[in-house]
Amino acid sequence: MLALLFAVAAGLVGSFALMKRMLLAGDVISHLALPGFGLAFLLKINPLLGAATTLFLGTLLIWQLQKKTGLATESAIGVVFAAALGIGAAITPSDELIEALFGENHATSLLGFLLGAFAVAFIIAAIWKLRDQLVLTLFSPELAMATGVKVDRVDLFFLLLFSSTILVGLRFMGALLAGSLIILPAAIGRRLTNKMSHFLIASSVASAVSVGAGLLLNAMVPKFGAGPSIVMVAALLFAICLFK
Amino acid sequence: MQGLAKTILSVQGLTVNLDGRSILSGLSLELHAGEMLAIIGPNGAGKTVLLKTLLHLLPYKGEIHWVESARIGYVPQRVAADRQLPLSASDLLNAEARFLKLSQADIERAATVTNLTAELLSANIGILSGGQFQKILIAAALLGRPNVILFDEPTASLDELTEERIYELLNRIKEERGITVVLVSHDLSVVYRYATTVLCIGKGKPCFGPPKEVLTPEALEALYSAPPKFYRHLQDHHGV
Numbered sequence: 001m002l003a004l005l006f007a008v009a010a011g012l013v014g015s016f017a018l019m020k021r022m023l024l025a026g027d028v029i030s031h032l033a034l035p036g037f038g039l040a041f042l043l044k045i046n047p048l049l050g051a052a053t054t055l056f057l058g059t060l061l062i063w064q065l066q067k068k069t070g071l072a073t074e075s076a077i078g079v080v081f082a083a084a085l086g087i088g089a090a091i092t093p094s095d096e097l098i099e100a101l102f103g104e105n106h107a108t109s110l111l112g113f114l115l116g117a118f119a120v121a122f123i124i125a126a127i128w129k130l131r132d133q134l135v136l137t138l139f140s141p142e143l144a145m146a147t148g149v150k151v152d153r154v155d156l157f158f159l160l161l162f163s164s165t166i167l168v169g170l171r172f173m174g175a176l177l178a179g180s181l182i183i184l185p186a187a188i189g190r191r192l193t194n195k196m197s198h199f200l201i202a203s204s205v206a207s208a209v210s211v212g213a214g215l216l217l218n219a220m221v222p223k224f225g226a227g228p229s230i231v232m233v234a235a236l237l238f239a240i241c242l243f244k
Numbered sequence: 001m002q003g004l005a006k007t008i009l010s011v012q013g014l015t016v017n018l019d020g021r022s023i024l025s026g027l028s029l030e031l032h033a034g035e036m037l038a039i040i041g042p043n044g045a046g047k048t049v050l051l052k053t054l055l056h057l058l059p060y061k062g063e064i065h066w067v068e069s070a071r072i073g074y075v076p077q078r079v080a081a082d083r084q085l086p087l088s089a090s091d092l093l094n095a096e097a098r099f100l101k102l103s104q105a106d107i108e109r110a111a112t113v114t115n116l117t118a119e120l121l122s123a124n125i126g127i128l129s130g131g132q133f134q135k136i137l138i139a140a141a142l143l144g145r146p147n148v149i150l151f152d153e154p155t156a157s158l159d160e161l162t163e164e165r166i167y168e169l170l171n172r173i174k175e176e177r178g179i180t181v182v183l184v185s186h187d188l189s190v191v192y193r194y195a196t197t198v199l200c201i202g203k204g205k206p207c208f209g210p211p212k213e214v215l216t217p218e219a220l221e222a223l224y225s226a227p228p229k230f231y232r233h234l235q236d237h238h239g240v
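Chains as they are written, first to last, in our numbering: chain Y, 1 to 244; chain S, 1 to 240.
Isolated chain S, as found in the complex (with noise of 0.2 Å):
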């Protein structure tokens, strides 16, 4: 299936340099059409970094290729967003699809994917919980159509149900649209279930495949430098 798939971002050789410490050296990688590729690391490995030099947020050095046809959404990790701000997210898509240059219908169908309601979108960001601000993220990410959207940890600091509901609606949104998904991802249970590729940055040899070849043991424990209990753990429930 891979091979048939189209290559959507090839990356050669990526260095990032920030402040003076090396954040990224010589990554390659290649992301095909339909996959959901997961980012997993200990923390302060990078991952946010390189989402973000994906999307040419940051210099490095090397090769970024996205094709042509590629339009890419994204959903940060957090936004410090001022929550006094006098904004609503009906405000905010509304800019967004002014700006984009997308019709109204556009706004429409974003809001209906990640089930917002009226009242959701018409209420003051401040008083939304995390889980709604996070729909809204997810909503102002899918205006513009993308094909192609980076999550960064997009449960993060969400209580378990609500994690669970984001998750599938990240996994509906990939099904039903054939978006390509990269997703950076604390969460092995959730790489486990839903990625169909794995890289794993960190110490040592960055590790890009399948989640079952790469995710071995003794690749867990090198990577977060600790015993792999959770892939025990998934063996058990998931007989993987």
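Okay, chain Y solo, but in the shape it has when bound (with noise of 0.2 Å):
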């Protein structure tokens, strides 16, 4: 059921990320929790308050950095992501490592289950809210603030959710496949419509389907591990669609 609302929401924000022509963010950003584990496992709490912490701060320090140097959005994230990705490997046990970018098959626990489907259902509400600012920004950046929108804000907030989808999906789909379930859906969805609303709608459905039919998959092939299944779904419906 979580796994399916984070579906929705990986679809959601991978629309807009995929208009904001900065999917490969997704997994690019994953990898920001990286030095997030290592720190976490030398320190012994958990692994994902240590993700939480230094995905955040990442994601601060991109947003500042394109704010302050003017750089895109995507060398922000290069050079932030090469970084962490340098001091993460550096610091993870290789052991812990392996775990940490493949995902775990932990059974979760009520309180996380409940945190989780809090934050799911808070990046779905709060995508829908945002989601006229966030058009008028991709239009023109220029025009929304003429119209009165907080650019940097919405900037801002939009790499919030984005980073806060990655670090739901960090638990059963590991930090190298957090990002792909905002990737494939939106490219899945994108290509069927034209149509905003159908696109965003399509993007959702594509991705909850890749999640209901890759964990059923890992039900029946556990070997797999539940985040490699659902994104060969994802890829086995990005091909069909190309057939479209």
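Just so you know, the hints here were simulated from the structure itself, not pulled from any lab data. In this text, a Cβ means the ideal position worked out from N, Cα and C, and glycines have one as well. Take these hints with a grain of salt, some might be off.
[What the hints assert, rightly or not] Derived contacts from chain S toward chain Y, CB cut-off under 10 Å, selection only:
#, residue
1, 76
2, 91
3, 95
4, 140
5, 147
6, 150
Reconstruct the complex from the two isolated chains, following the hints.
Right under this line is the structure:
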């Protein structure tokens, strides 16, 4: 259930990320969690707490870099990503590194479930509330500003929602694959439709179908792992869309 | 007439520096309700910078005072919108209307004034022509029921016929709704035809006043550092 809700959030966030041409950032931002995992293992605290800390600090750093230096989002993300990956790989013990990269299959605690569900519901509601400002900013940041949209703030909120989505995904997808659910369903949605509202719905549905079918596949062939199964289904859906 | 009209914008000692370069220095002007102010000057003189500064989009020194009742619409010189966005004019106008808490009737009114058909409204922005795209920008600017509109070269890169139509539309909006217009234009014939006041910025001291008084051959020559061919041409045609 949580996974399906997460899928919808990832589909929505992915749709706007695609329109902002920052889809690949999903893959990259997820790696910001790595130094957090490493630190958490060293300090013996909850790894997700460590991941959340570095993920959000990294996000703020990206926002500041693009605002202060005028770097494009992708360049700012690239700089922070490279640094995070280096630090993360250096300080994370190698066994834990594999788990951090590919996700874990432990059962979720009730608290973990509730926190995850709350986070995902918040992400979906926030994207819905921000959608008009996101659309105006996408069309023209300058015109949006003249209309009264606080473009800087919208950019920051979006980056934070983006990172939150990744954070929820880290648990079962791992740092390497958490970004895939932002990328693939949005690409499927865009391939299927040219209309904004249809696009948002198609991406969310494609994402939910990938997660549902992926988890089913994982139940049948457990050695695949949840994350890789979901990604394989999503990639297959995309391939089918190519024949549209 | 202008003596009686209400001052809608007052600018005092406006100075703008960008990246350490002085763009505008000590500019002062007043704009009255119902006027059409044309801003002219050579490329790089700071015309677009002035409009953006009036919209508080750029940092400045000096005073920019809009009356409280001013509702400002803005049509930028160009919008570098990603033409591959799955976005229609209708999506855009709806997003703006919801953000500004306006009704569906407001959208319909803006679309009617700018002759946007249902077909154009639902078309993806990527397939629109330059003129159609410009109409959408004007509709978006009109949506918030502005009483002042800032136009930055609304017809750059359009063919002559489309240009003519856009200016007619602009003039109609101004006449019918009594909207105050600030227009950046390179086209001196348009300035002569429609503007009530001209501000020229560029080399030397800025000039400000009615077109007939301000746009003398000497002033144009000083402004553009070139012989004022336009002026003579217009004198022949319009008896300016």
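Consistency of the hints with the structure:
1. 76: Where the cut-off is 10 Å and the nearest Cβ of chain Y is about 6 Å from residue 76 of chain S, the hint holds.
2. 91: holds, 5 Å
3. 95: Result: holds, 4 Å to nearest chain Y Cβ.
4. 140: holds, 7 Å
5. 147: Because about 15 Å separates residue 147 of chain S from the closest Cβ in chain Y, which is outside the 10 Å limit, the hint is violated.
6. 150: With a closest approach of 8 Å, the residue 150 of chain S hint holds.
Going down the numbered hints, you'll see the structure goes against just number 5.
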